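Participant: Going line by line, the protein sequences match chains A and B.
So the first sequence is numbered by the working numbering: it starts at 1 and just counts up by one.
So the second sequence is numbered by the working numbering: it starts at 1 and just counts up by one.
FYI, nobody ran anything at the bench for these hints, they're computed from the structure.
From a predicted model like this one, the values you see are computed outputs, not experimental measurements.
Be aware that one or more of the hints could be misleading.
[As the list claims (entries may be wrong)] Pairwise CB distance ranges (calculated):
1) B/A212 - A/L65: 23 to 31 Å
2) B/L214 - A/V16: 43 to 51 Å
3) A/L74 - B/V350: 41 to 49 Å
Even glycine gets a Cβ: it sits at the ideal position worked out from N, Cα and C.
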Amino acid sequence: MIEWSSFAIVAAATWVSAIIVITLFSVGVRMRAAHLDRVEEGRSSSALPVGYWAVFGICGAVVLLGVYLIVPALHGA
Amino acid sequence: MEIIFVVVLVIALALFFDFTNGFHDTANAMATPIATGAIKPKAAVTLAAILNLVGAFLSTEVAKTISGGIIKEGGGGVQITPDFILAGLIGAIIWNMATWRFGLPSSSSHALFGGLIGAAIVGAGLNSVDYGVFLSKVVIPALAAPLIAGFSAYLCTKIAYVITRRNEEGKTARRAPFKYGQIFSSSLVALAHGTNDAQKTMGVITLVLVSANLQEHGTGPHIWVITACALAIALGTYVGGWRIIDTLGTKLTTVKPAQGLSAETSTAAAILASSHLGFALSTTQVASGSVLGSGLGRKGADVQWSTAGRIASGWLLTIPAAAIVGGIAAGIAHLGTVGVVVDTVIAVVVVLWIYLSSRRVEETDISNFDTVGEAVNIRGRKRKLRKDRNRKRAQEKREARYEAWAEKQAAKEKRRAHRDAKKNGAVPAEAAKTSSSSTGSASGADAGRASNTGADAGRADASRADASDKGDAK
Chain A
1 MIEWSSFAIV
11 AAATWVSAII
21 VITLFSVGVR
31 MRAAHLDRVE
41 EGRSSSALPV
51 GYWAVFGICG
61 AVVLLGVYLI
71 VPALHGA
Chain B
1 MEIIFVVVLV
11 IALALFFDFT
21 NGFHDTANAM
31 ATPIATGAIK
41 PKAAVTLAAI
51 LNLVGAFLST
61 EVAKTISGGI
71 IKEGGGGVQI
81 TPDFILAGLI
91 GAIIWNMATW
101 RFGLPSSSSH
111 ALFGGLIGAA
121 IVGAGLNSVD
131 YGVFLSKVVI
141 PALAAPLIAG
151 FSAYLCTKIA
161 YVITRRNEEG
171 KTARRAPFKY
181 GQIFSSSLVA
191 LAHGTNDAQK
201 TMGVITLVLV
211 SANLQEHGTG
221 PHIWVITACA
231 LAIALGTYVG
241 GWRIIDTLGT
251 KLTTVKPAQG
261 LSAETSTAAA
271 ILASSHLGFA
281 LSTTQVASGS
291 VLGSGLGRKG
301 ADVQWSTAGR
311 IASGWLLTIP
321 AAAIVGGIAA
331 GIAHLGTVGV
341 VVDTVIAVVV
351 VLWIYLSSRR
361 VEETDISNFD
371 TVGEAVNIRG
381 RKRKLRKDRN
391 RKRAQEKREA
401 RYEAWAEKQA
411 AKEKRRAHRD
421 AKKNGAVPAE
431 AAKTSSSSTG
441 SASGADAGRA
451 SNTGADAGRA
461 DASRADASDK
471 GDAK
């Protein structure tokens, strides 16, 4: 009666997806901080903004994936 | 005619249940962004209300059974009549109001299950409840939700702080983007809530209409049902249960942006995973677990275990309490239309009573808060005053000591000069010289004292700066 396998799947899916998103976002925050430091010191930093915007973009895509999963009309459930 | 009257009453109660569901669950999505200041309270509840409204229209999947299989419905079990649903709804509404009154986040669907279980037991005996389904759909998820979401939020918070921590001198962590991230993660939770929870009420109303032969079996909810439910849950969300937002956002633990984002991401991930991989978790229990986990994950965030215990005991009580109320309501409803009217009147009176009592207590609550806050402030201020006073006294003592010492020194000089003058046989020029030198030495002592007090003041300043730094760190 107790569905241990689906319990395990839900737990693993939650942990993995949340950790991936937070890790990406944190790396973005770190890159932005490094970028701002460089700007303050007057050094050039053109690669870092590209990096952190890319990472934030991926996080945004994950949010859109979430919306896709929430709305049944989009995935035909 | 009578049956239509009952159906109308049930629909009204169902919409009110939807409303309580909305203001009960605003906290799940919006407690943490409000607590960190990522979104202003008014904006947060508005956003949540709009997303709930939209969400309610996005998904119109109707449940096949009203209780998700916990109660054996139809042949051999409970006959789903409007009376039965009415009793279940009354149990759920009263429990929702009571938990809101005490600021406890508790699952609205569990309250509905509880009310229905009570009504079923009174109406058709203990055998009408499928305890296996009850265990697997209510008890186990209630234990699993905080574990899954809490552990996730704990890990995420740790990771977020480890990655963004900067050990270099003079470099700040610059964690501002976490606040912006919170807007999206909490919106996702609000949208998921709208698609899930408005469905329950739509299902209840549709089942009532079907059971009263006002709607064909197997058809979806009418558009007016969808609209009414969407509006009810959105209005409830907009009104916002401040008590529960307060409990979840500030009383359980102090929430910082990185922590809030971790908690919300974990909540969203757990809800999406559970609704797509077939292990239904309660949004409220997931959200509470996430906040708790994020508090455990950040160094310096203290978790209030007494609040956590209060919330947990609220969860334990949800089903039995709602079941007792639902059972009593079902017993009264058996009297027929009169019983249904009596039920409804009692429910309205109890709801109003809880609401009014909450207003009265809120005032005393606020005044208590004020006095507590003032007491804390006064203590802080007193401590500061005492410190200042002690510092001043020490300074005065030091000055007095130096003065005494300087006087003594001057007197000594004078005596020595006098002695010397006596010994050398009173040479006026020399006496004048020594006297000038003695004043010189006295002024030197003065200067020394001044520089000394200056150093003291500097030290005092430094220690004060230290203290204020510590205060900031806290």
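Participant: Evaluate each hint against the coordinates.
Facilitator: Verification of the supplied hints:
| no. | hint | in the structure |
| --- | --- | --- |
| 1 | B/A212 - A/L65: 23 to 31 Å | 42 Å, violated |
| 2 | B/L214 - A/V16: 43 to 51 Å | 47 Å, holds |
| 3 | A/L74 - B/V350: 41 to 49 Å | 42 Å, holds |
When the structure is compared with the earlier hints, a violation turns up for hint 1 alone.
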